Amino acid sequence: MTVIPLPLWQPALLGTALPDGRVRCELCPHECVLAPGESGRCAVRRNDGGVLRTAAGSPAVAHLDAIERKPFYHAWPGRKVLTVAGPGCSFRCNYCLNYRLSQFGRDPAVPWTGSAAEPAAIVARADRERAAIGLSYSEPSLAVELTLELADRAAPHDLPILWKSNGFLTAAGADLVAPVLAAVNIDVKAATDAAHRRLTGAPLGPVLDTVRRLRAAGVWVEISTPLIPGISDRESDLRAIAGRLAEIDQTMPWHLLRFTPEYRMLRQDPTAPESLRRAREIGREAGLRFVYVERALGPEGRNTRCPGCDRELIARGLWETLSVTLAGGACPHCRASIPGRW
Amino acid sequence: MHENIFVESLPDLISAEEYADHPDGRLIRLRIDCDDDGVRILGDALRPAELEALLRELGGGPTEQMLCG
Numbered sequence: 001m002t003v004i005p006l007p008l009w010q011p012a013l014l015g016t017a018l019p020d021g022r023v024r025c026e027l028c029p030h031e032c033v034l035a036p037g038e039s040g041r042c043a044v045r046r047n048d049g050g051v052l053r054t055a056a057g058s059p060a061v062a063h064l065d066a067i068e069r070k071p072f073y074h075a076w077p078g079r080k081v082l083t084v085a086g087p088g089c090s091f092r093c094n095y096c097l098n099y100r101l102s103q104f105g106r107d108p109a110v111p112w113t114g115s116a117a118e119p120a121a122i123v124a125r126a127d128r129e130r131a132a133i134g135l136s137y138s139e140p141s142l143a144v145e146l147t148l149e150l151a152d153r154a155a156p157h158d159l160p161i162l163w164k165s166n167g168f169l170t171a172a173g174a175d176l177v178a179p180v181l182a183a184v185n186i187d188v189k190a191a192t193d194a195a196h197r198r199l200t201g202a203p204l205g206p207v208l209d210t211v212r213r214l215r216a217a218g219v220w221v222e223i224s225t226p227l228i229p230g231i232s233d234r235e236s237d238l239r240a241i242a243g244r245l246a247e248i249d250q251t252m253p254w255h256l257l258r259f260t261p262e263y264r265m266l267r268q269d270p271t272a273p274e275s276l277r278r279a280r281e282i283g284r285e286a287g288l289r290f291v292y293v294e295r296a297l298g299p300e301g302r303n304t305r306c307p308g309c310d311r312e313l314i315a316r317g318l319w320e321t322l323s324v325t326l327a328g329g330a331c332p333h334c335r336a337s338i339p340g341r342w
Numbered sequence: 001m002h003e004n005i006f007v008e009s010l011p012d013l014i015s016a017e018e019y020a021d022h023p024d025g026r027l028i029r030l031r032i033d034c035d036d037d038g039v040r041i042l043g044d045a046l047r048p049a050e051l052e053a054l055l056r057e058l059g060g061g062p063t064e065q066m067l068c069g
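Same order as they appear, the protein sequences are chains A and B. Each residue of the first sequence is one higher than the one before, starting from 1 at the first, in the UniProt record's numbering. Each residue of the second sequence is one higher than the one before, starting from 1 at the first, in the UniProt record's numbering.
None of these hints come from the bench; they were simulated from the model. As the structure is a prediction and not an experimental result, all values here were calculated from the model. Backbone N, C-alpha and C fix where the C-beta goes; we use that ideal spot for every residue, glycine too. Heads up, some of the hints might be wrong.
Not the full set, but computed from the structure, chain B residues with beta-carbon under 7 Å of chain A [stated by the list, open to error]:
hint	residue
1	Asn4
2	Phe6
3	Tyr19
4	Ala20
5	Pro23
6	Asp24
7	Gly25
8	Gly43
9	Leu46
10	Arg47
11	Pro48
12	Ala49
13	Ala53
14	Glu64
15	Leu67
16	Cys68
Throw the hints in and build the complete structure from the sequences for me.
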């Protein structure tokens with residue numbers, strides 16, 4: 001007999017009771033109003049008899065990998081990250097490489113694969129490895145409850161908590177997690193609300209609001225932009241995205257990601273290396289000081305150079321840091337400050 | 001139903017230097033190992049869906065895949 005696992009529904013934060021047994025979920029800007037028994041657009045938060053419950057705290061994986069893979073290039077270089085992820089996402093991106101995990105509840109073909117979290121065991125394993133604790137692969141912001149519990153247990157061990165997120169949070173959601181989040185990499189996937197909605201089913205504005213809000217709260221923020229055909233790969237799109245990021249902070253690292261045909265976007269071609277090279281130029285022309293391409297441009301796309309004297313400061317291999325030449329978070333040659341968590 | 005398993009890491013068989021030579025992404029590379037336990041096929045592709053379709057056609061055990069991010 002095959003036993004098919006079912007989601008474990010636990011009490012959720014940021015639910016407001018409404019008349020007639022309805023509940024409004026205030027975690028993400030969809031702000032779903034749920035009748036009894038109804039699930040939100042994320043499919044992992046639901047109204048269970050007038051109480052908001054979540055299934056997002058049930059990891060399907062716990063993988064130890066490099067912090068550079070998230071990607072973080074200005075946070076604890078060379079450190080490992082124990083990354084956990086439960087099924088679910090607040091977006092429905094048609095190109096998602098992790099759709100077998102992220103699209104639970106949105107795509108009938110995606111099965112439930114999570115199981116009850118054991119936060120003490122996760123923290124103990126991370127402590128043994130001296131690894132940071134990451135929530136990634138699916139949407140970590142849906143797992144605020146697990147994030148807070150992991151952070152509470154990890155604090156005595158001085159283990160940072162990281163997210164790779166779509167940034168689609170309400171102000172209340174961002175404020176809830178900001179005190180425990182050490183760093184987040186947020187996807188900015190499009191230049192306009194319309195394009196962002198077409199790709200993800202959600203507007204862009206709240207994502208940029210989250211970037212600003214988490215930065216203001218002292219969370220280290222890096223940005224990723226995949227070059228999605230027809231959404232974010234034209235020069236005008238990239239110029240607009242880079243301009244918005246530069247308005248926030250020119251020293252915020254910007255990662256340019258190669259599109260891979262997958263899920264519901266199979267007809268398009270992968271991003272050409274030349275397009276990534278041009279995108280990097282656009283980022284620099286917009287004033288961004290740290291623009292990275294993980295693979296397609298080789299080591300020169302990954303390495304950190306001083307914006308003051310142009311000397312190489314951090315050399316990276318594929319998903320690993322090879323050398324760091326910083327003195328107290330600054331260039332040892334010209335003393336220019338290099339922002340990050342070193 | 002074919003089973004997919006998420007794993008921490010798998011070796012690359014395609015390098016970034018090859019991307020420009022295959023602008024339409026029609027490159028699939030396979031490494032086939034045989035031992036007393038059976039046949040193990042390691043694949044890499046610029047279009048993962050095409051590699052997965054091929055592995056499903058070949059049958060056998062579950063497909064291991066890495067996650068992004």
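Verification of the hints:
1. Asn4: At 6 Å from the nearest chain A Cβ, B/Asn4 passes the 7 Å test, so the hint holds.
2. Phe6: Nearest chain A Cβ about 5 Å off; hint holds.
3. Tyr19: holds (5 Å)
4. Ala20: Interface hint status for B/Ala20: holds (5 Å vs cutoff 7 Å).
5. Pro23: holds (6 Å)
6. Asp24: holds (5 Å)
7. Gly25: holds (4 Å)
8. Gly43: violated (14 Å)
9. Leu46: holds (5 Å)
10. Arg47: B/Arg47 check passes; min Cβ-Cβ to chain A is 5 Å, inside 7 Å.
11. Pro48: Check passed: Cβ of B/Pro48 comes within 6 Å of chain A, closer than 7 Å.
12. Ala49: holds (6 Å)
13. Ala53: B/Ala53 check fails; min Cβ-Cβ to chain A is 10 Å, beyond 7 Å.
14. Glu64: Since chain A brings no Cβ nearer than about 12 Å to B/Glu64, farther than 7 Å, the hint is violated.
15. Leu67: Hint holds; B/Leu67 Cβ to chain A Cβ min 4 Å, cut 7 Å.
16. Cys68: Holds: closest Cβ of chain A sits about 4 Å from B/Cys68, inside 7 Å.
The structure is inconsistent with the numbered hints 8, 13 and 14, although it conforms to all the rest.
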